[in-house]
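Participant: Let the hints inform the model, and build the full structure from the sequences given.
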Amino acid sequence: MRIYEMTAGDIASKVRRKELSATECMEEIAERIGRVEPFVGAFLHLNLDEAMRQARAIDNLPSGERERLPLAGVPVAVKDNMATQTMPTTAASKILEGFVAPYDATVVSRLRHAGAVIVGKTNMDEFAMGSSTEHSAYQLTRNPWDQDRVPGGSSGGSAAAVAAQMVPVALGSDTGGSIRQPASYCGVTGFKPTYGRVSRYGLIAFASSLDQIGPLARNVDDASLIYEVIAGYDPLDASSLRVEKALPKATDVSWANVRIGVPKQYGSSGLDAGVQARLAEVISRLESQGASVVEVSLPHTEYAIAAYYLVAPAEASSNLSRFDGVRYGYRAPGADLLEMYENTRAQGFGEEVKRRILLGTHALSAGYYDAYYLKAQKIRTLIRQDFEQAFAAVDVILTPTTPDLAFRFGEKSQDPLQMYLSDVYTVTANLAGIPAISTPAGLAGGLPVGMQWLGPIMGEESLLHIARGFEKLWPSEGWPALGGDA
Amino acid sequence: MALSEEQVKHVARLARLRLETGDIAQVTRDLGRVLDYMTQLNAVDTENVEPTMHVIGLAMPLREDRVEPSLTAEAALKNAPDPRDNMFGVPRIMDGGDS
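Taken in sequence, the protein lines are chains F and U.
Position one of the first sequence corresponds to residue 104 (our numbering), numbered consecutively onward.
Position one of the second sequence corresponds to residue 503 (our numbering), numbered consecutively onward.
If you are wondering where the hints come from, they were derived from the structure by calculation, not from laboratory data.
This one's a predicted model, so the numbers in the text were calculated from it and none came from an experiment.
Using N, Cα and C, we set each Cβ at its ideal position, and we do this for glycine too.
Take every hint as true, because none was put in to throw you off.
Below, in silico cross-link-like pairs of lysine to aspartate or glutamate (DMTMM-like), each with a Cα-Cα straight-line distance of 20 Å or less:
(1) F/Lys457 x U/Asp538
(2) F/Lys197 x U/Glu522
(3) F/Lys457 x U/Asp532
(4) F/Lys457 x U/Glu522
(5) U/Lys511 x F/Glu455
(6) F/Lys457 x U/Glu508
(7) U/Lys580 x F/Glu200
(8) F/Lys197 x F/Asp427
(9) F/Lys367 x F/Asp498
(10) U/Lys511 x F/Glu442
(11) F/Lys575 x F/Glu108
(12) U/Lys580 x F/Asp427
(13) U/Lys511 x F/Asp427
Derived, one-sided and incomplete: chain U residues facing chain F with beta-carbon distance under 7 Å:
(14) Val536
(15) Tyr539
(16) Leu543
(17) Val557
(18) Val592
Facilitator: Listed below in structure tokens is the structure:
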């Protein structure tokens, strides 16, 4: 097995035992990135010299210290909306071109302290607004399974980097599905923990009541390993949970004791026939293992997209007011301060970001707040209650992650509403704050299909356990061939 | 609940975003379509429903009012477009000048 094919868990355990040096690992990863990245375009910034320095530092640690590092020598990619001192942080926006943060995000410092090596920052939809990574101000990222198709988004670069085996694991952020949807399109595992589990300090805020950081990986164990390192209370994030995180049991899942809910509302319009067929196969395989699969009702799901596209843009319009050309980032000329603000923001933000700022500003403006923002927050309560009732009867809820498979470039980017509707299965987890994970369930017509597992609030332990059990039931069969791979 | 072009211009001003005259019609159409989609929320009775401002009912945590180390002025100004005299320089607030 080549080093780039290894899991994060294997790399870390070999580096801890000195069976593999972090330097050797990083050299092969650098070679892999050099060969494959031209076909994928996953990275906005790479700092391989710095990565080599970090790798050498890990190799030079006294063995007692190195042996304590849960991610010793593991190469990690980080989405470009998380602050890093050694590389720019642009959120794929022109308004932050060249910005180098004066501090590391909490997740980044936690990774570093765990022995991980940060190799680069990944492409994304500008400010995480989009489902295809086409809204990056800098470049397209190609789906490693089919280079004519999008990797999904907004964490498209992180998903593509993991699927192309340039890194074993990456960080993404998920406001309405931005970890799970690209994970599904790229055939990898993507995990959004409970709101508040992972510190948002140093994450460029999109919608603060919905944003959550999580891992993308090639298996559930690696996703759990990263989660274990990044989760936990952080005094620098006021919404950070003080509750102890629980990790999944190492035991096999006894499916006869698992109650799985399938929402009856999710099988309706817009669901791709291939995805629908795969869901049916997944259900029958679970049932053949003895799992009880029952229908659950989430009646307010049909309002989730409308509620989400009021709440998220409203919060974004407030969060993005900090980009005004004063303290950092791009500044356009203007005769006075107001003109400078208006020109800076008009030139610095892309079309989708502007659209959402306008939508959100309208939803919060005098005379409209009650009809839009407050109404949406009330719908959110109903969506939460739907889940609370459902989880009284089942352990986990199963849905497809997305209604469709990875689409071609340009197919949806001309129609904002069409793009929004593809988030139909993922936004409810953010609105309710619950944990959710997308795991691959094979290919359909050569493209990955993802299954989403939703758990009750703070129910990560059981959710990850079940997801790992499913992975054994439906193992991934290899990774896409790229850049001269045999 | 469609928007007028005048409303779009008003919202753009609130958001400190200059819209080119040629773009206003398109922006108005795009926002109008999205807002039309939102009207379905009116079908839901939310008369006695509390809004969810936060999914976890955390009380706002307090901390000691103590001076802690923070960014130096140099680090804070590192990315500034116009650092001046250890401060952030901006154009005039009143119109009619550039410094």
